Amino acid sequence: MNKLIALASVFFLVTGAAQAAVKVGEPAPAFTLPGSDGAPHALADYRGKYVVLEWTNHDCPFVKKHYGSGNMQAQQKELTGKGAAWLSIVSSAPGKQGHVDAVAAKDLTAKRNAAPTAVLLDPKGEVGKQYGAKTTPHMFLIGPDGKLLYMGGIDSIASTDADDIAKAKPYVKVALAEAMAGKPVTDASTKPYGCSVKYD
Amino acid sequence: MQSRATRMLAFRSERVLECDCCASEAERPMNLRAVVMAAALMAVAGAAPVGAAPVVTPHVEAELVAERNGWIAGSTNWVALRLEPEEGWHTYWRNPGDSGLPTTLAWTLPEGWKAGEISWPYPSRHKLGDLVNYGYDSEMLHLVPVDVPAGAEGEVTIKALAKWLVCSDICIPGQADVSLTLPVSEIATADPVWAQRFADTRARLPQAEPLAGAFTISDNEMRLQVDAVELAGSTSVEFYPFADDLVNHGAPQRVALSGSVARFAQERSAAFGEAPATVDGVLVVQGSSEKYAYTVSAAPGEVATVAAPVPPAALPAPAADAAVPDLWLALGFALLGGLILNLMPCVFPVLSIKAISVLESRRGDRKAERRHALAYTGGAVLSCAAVALAIILLREGGEQLGWGFQLQAPLFVAVLAYVVLALGLSLSGLVQFGTRLMGVGQGLVEQGGYSGSFFTGVLAVVVASPCTAPFMGTALGFALTQPLHVAVLVFATLGLGLALPFLLLGLFPALGAWLPRPGAWMETFKQVMAFPLYLTVVWLLWVLGRQAGGDAVALVMCGLVALAFALWLWSGGGRVRQALAVLAGLGAFAFLAHPAVTTPVAPMARPATVAVGQASKEPYSDARLAELRAAGRIVFVNFTADWCITCKVNEKVALGNERVLKLMAEKNVAWLEADWTTPDPAITEALGRFGRSGVPLYLLYGHEGEPEILPQILTPDIVIEAVNWVSSQERK
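For the record, the sequence lines run as chains A and B. Its first residue numbered 1, the first sequence is counted upward by one per residue in my numbering. Its first residue numbered 1, the second sequence is counted upward by one per residue in my numbering.
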């Protein structure tokens with residue numbers, strides 16, 4: 001009988017845990033991941049800076065939309081130019097679409113002329129799940145105080161069509177501009193769109 | 001893909017042939033005109049009406065099809081985009097869920113033609129890790145109405161650019177230029193191939209007229225309630241919201257379905273912004289054989305949350321090997337609980353009756369003694385088993401019941417008052433049931449035999465139902481999660497435990513050696529024992545008053561007087577008196593039929609029971625509990641019922657204790673009262689979550705995690721210790 005009660009308790013704990021995902025306005029969970037440069041990168045290393053997290057998978061058509069059109073690279077350059085750190089995170093499990101090792105990740109960056117501060121490898125998906133990253137792309141913006149400012153989509157038009165980029169609201173860019181101007185972020189939480197993150 | 005395309009071509013030529021058949025079959029005089037027209041049309045068209053061949057794209061085949069073989073000018077014509085994904089792949093519904101994209105159509109139409117929106121058949125859920133998508137994993141027609149203007153003529157082609165996303169574990173965006181050419185015709189008939197598919201698809205379209213509902217959006221979840229006759233008799237329901245940023249689609253959708261009411265709760269989406277004016281979506285209802293879909297449009301309102309279902313793995317496995325230890329434990333608990341039940345205040349008056357009869361029977365032979373003991377045990381065991389059967393069968397019927405449920409019916413309480421009063425009067429000597437030597441209990445039935453002992457056993461169970469003894473709650477809670485025969489076995493064991501002391505006395509008369517010798521004192525003792533029974537009547541009337549109101553009490557008291565009068569008349573002997581007695585008895589029971597007695601008052605109409613010095617009690621609801629916990633309060637939940645004597649004793653002795661109340665005030669403990677005096681499915685459900693089927697249940701929620709479950713018999717120290725412990729945890 002105690003077993004029953006114990007199981008019921010476990011269940012309550014589990015449902016409680018499920019609600020403890022990241023939230024805008026709360027501290028972003030700490031993590032350390034190996035980068036494609038071979039060095040470990042901790043979120044704490046970037047304290048004092050705005051940090052953009054970009055979940056990515058180079059074979060996903062939604063990611064291709066933004067890299068093929070040059071939109072993602074342009075945002076990386078623009079935002080890092082404003083002093084933000086841009087971390088591209090790959091949470092695809094080995095054998096799944098988009099999985100890369102350090103060498104392949106470097107090649108991709110070079111080939112696509114991308115400009116992230118670092119590309120981080122999360123093949124176990126631990127950080128992805130910690131943040132509740134659902135899609136590629138899925139974007140997060142963290143403030144200099146380590147609190148989450150934005151989470152959600154790269155922009156406002158869910159499609160794989162590059163023609164839509166110009167018409168869409170670029171949420172991350174706008175959020176950073178608003179935060180830097182000391183204003184509250186208008187769209188702080190949006191629905192991300194893209195391929196599912198290819199966790200194990 | 002190649003073989004599929006070939007098959008489609010073969011299929012297509014069959015269709016042409018079929019049209020030829022139609023023509024030849026139609027060669028009947030009455031259809032002559034139609035034949036001529038058709039022949040003329042065929043001559044004009046040069047071929048049977050055929051859309052462009054399906055477009056084969058990676059993993060999806062797409063084409064535009066029509067319901068009829070010609071356009072009818074001046075009316076709405078139905079066409080459809082047919083998408084057929086390869087096995088293991090799916091396309092998306094209007095709300096794709098956590099990822100994905102809905103299929104779109106961009107039309108190129110002749111002047112004056114108009115295409116409407118896609119009518120979406122209800123989707124199915126596709127789970128991908130933590131994500132859930134809504135879509136179609138087999139051929140699906142996306143129906144679209146096309147308005148053809150009145151002046152249209154000749155052969156007309158409509159074109160569309162269809163775009164979709166097709167996914168398995170990876171996704172591929174696809175698109176196709178699809179077109180459809182049909183002649184405008186007065187006599188266009190159902191397309192032999194597609195008309196049936198259109199009809200099949202319409203069966204999957206949600207009914208357009210929306211069902212009304214209510215929704216609440218709390219800090220962490222969206223809750224929806226729909227109460228509609230359309231849901232009655234359904235075995236399961238699912239809700240598919242239209243908005244993609246309302247709920248976390250991957251989170252479990254908790255559903256409570258009872259009769260015509262369905263309640264849903266699902267974690268809120270991380271992207272949730274402002275509360276919408278309405279929550280709209282599709283309800284898919286599993287009927288006895290088929291699924292039906294309805295549109296739902298819910299307005300803001302109050303909706304209670306839905307308990308997380310205990311996953312099947314968390315329940316004791318029904319497999320024999322795994323169930324044995326749990327079952328034995330439950331049986332042990334039931335036996336022990338039944339035994340302890342003998343010490344509970346509610347059974348006491350009946351036990352005194354039994355004690356008297358045991359003493360009296362000691363004058364008789366041992367064989368008779370044994371039989372009386374067995375009959376008594378039989379009564380207790382069988383009536384417990386009957387209660388189990390009743391609870392489980394009624395539960396199957398959708399009722400929410402548990403131990404003591406019969407006391408939730410005012411009529412049952414009134415009848416019990418009658419029985420107890422009759423017993424009391426018999427002990428007082430007003431009436432003599434049967435012969436004195438045979439004991440009093442059997443007086444309820446005809447004279448002699450062992451039926452008296454049997455019914456004393458039944459009566460013991462009946463009056464025991466307002467009590468819960470330690471161990472009992474868990475045993476019975478377990479029983480109700482088990483197959484019928486196991487449940488009955490556990491309940492029967494409880495009856496055995498209840499009867500055990502007298503059973504042992506009967507079987508082993510030596511045990512009775514310490515009992516006082518029978519004598520003249522017993523008459524006095526019997527008369528004294530009548531008074532606890534009268535008090536029991538008072539208590540039952542009080543319960544009745546709270547359930548059905550003051551009028552009911554007055555009526556039942558009149559009935560009690562009539563009953564006493566009837567019994568007095570009867571005991572006097574003589575035909576006239578006995579005839580009058582029957583009349584008076586009938587009169588007594590006539591009072592019970594009054595609607596004031598049989599109808600419980602609404603729970604909100606009942607004033608809350610307020611223990612001495614306790615000011616801040618609130619009625620229990622899952623929503624209020626969540627709210628208080630979110631506010632960081634410690635919450636005490638008291639699951640109670642007015643007819644539950646154990647509860648009332650605990651409330652008086654422990655919960656009403658000054659030290660306890662002071663401490664609760666000090667620690668700012670919120671007190672929620674879950675009153676089960678009259679039936680309340682929400683409370684039964686909450687009890688079930690803790691494996692219980694009856695009251696009392698005491699929960700103490702700390703700042704986080706699961707609540708402390710306090711014992712069923714409380715002392716002030718138990719409560720104080722628990723409150724102190726929980727609040728010390730909180731400080732961490």
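Hints are computed from structural coordinates only; laboratory data are not their basis. Treat the numbers as computed from the prediction; the structure is a model and nothing was measured. Errors might be hidden in some of the hints.
Cβ-to-Cβ under 8 Å is the rule here; a few derived chain B residues that face chain A [claimed, not checked]:
#	residue
1	Ser99
2	Leu128
3	Leu131
4	Leu161
5	Leu165
6	Asp169
7	Ile170
8	Cys171
9	Ile172
10	Asp244
11	Glu274
12	Ala275
Positions of the beta carbon are idealized from the N, C-alpha and C atoms, including for glycine.
Under 8 Å is the threshold here; is the Cβ of B:Leu131 close enough to any Cβ of chain A for the hint to stand?
5 Å, holds
Is the interface hint satisfied for B:Leu161? The criterion is a beta-carbon contact with chain A at less than 8 Å.
11 Å, violated
Would you settle whether the hint for B:Leu165 is holds or violated, based on the nearest Cβ-Cβ distance to chain A being less than 8 Å?
7 Å, holds
Agreement of hint B:Glu274 with chain A interface, Cβ distance less than 8 Å
Since chain A brings no Cβ nearer than about 11 Å to B:Glu274, farther than 8 Å, the hint is violated.
Hint status (Cβ of B:Asp244 to nearest Cβ of chain A, threshold 8 Å):
At about 6 Å, which falls below the 8 Å cut-off, the nearest Cβ of chain A leaves the hint on B:Asp244 intact, so it holds.
Given B:Leu128 was flagged as interface, is its beta-carbon under 8 Å from a beta-carbon of chain A?
5 Å, holds
Minimum Cβ distance from B:Cys171 to chain A below 8 Å?
Hint holds; B:Cys171 Cβ to chain A Cβ min 5 Å, cut 8 Å.
Hinted contact B:Ile172 with chain A - closest CB pair below 8 Å:
Holds: closest Cβ of chain A sits about 7 Å from B:Ile172, inside 8 Å.
Can the hint on B:Ala275 be confirmed by a CB-to-CB distance to chain A that is less than 8 Å?
14 Å, violated
Is the interface hint for B:Ser99 satisfied, with its Cβ closer than 8 Å to some Cβ of chain A?
5 Å, holds
Using 8 Å as the Cβ threshold, decide whether B:Ile170 counts as touching chain A.
5 Å, holds
How about B:Asp169: closest beta carbon in chain A under 8 Å, or not?
With a closest approach of 7 Å, the B:Asp169 hint holds.
Against the hints set out earlier in the document, violations occur for numbers 4, 11 and 12.
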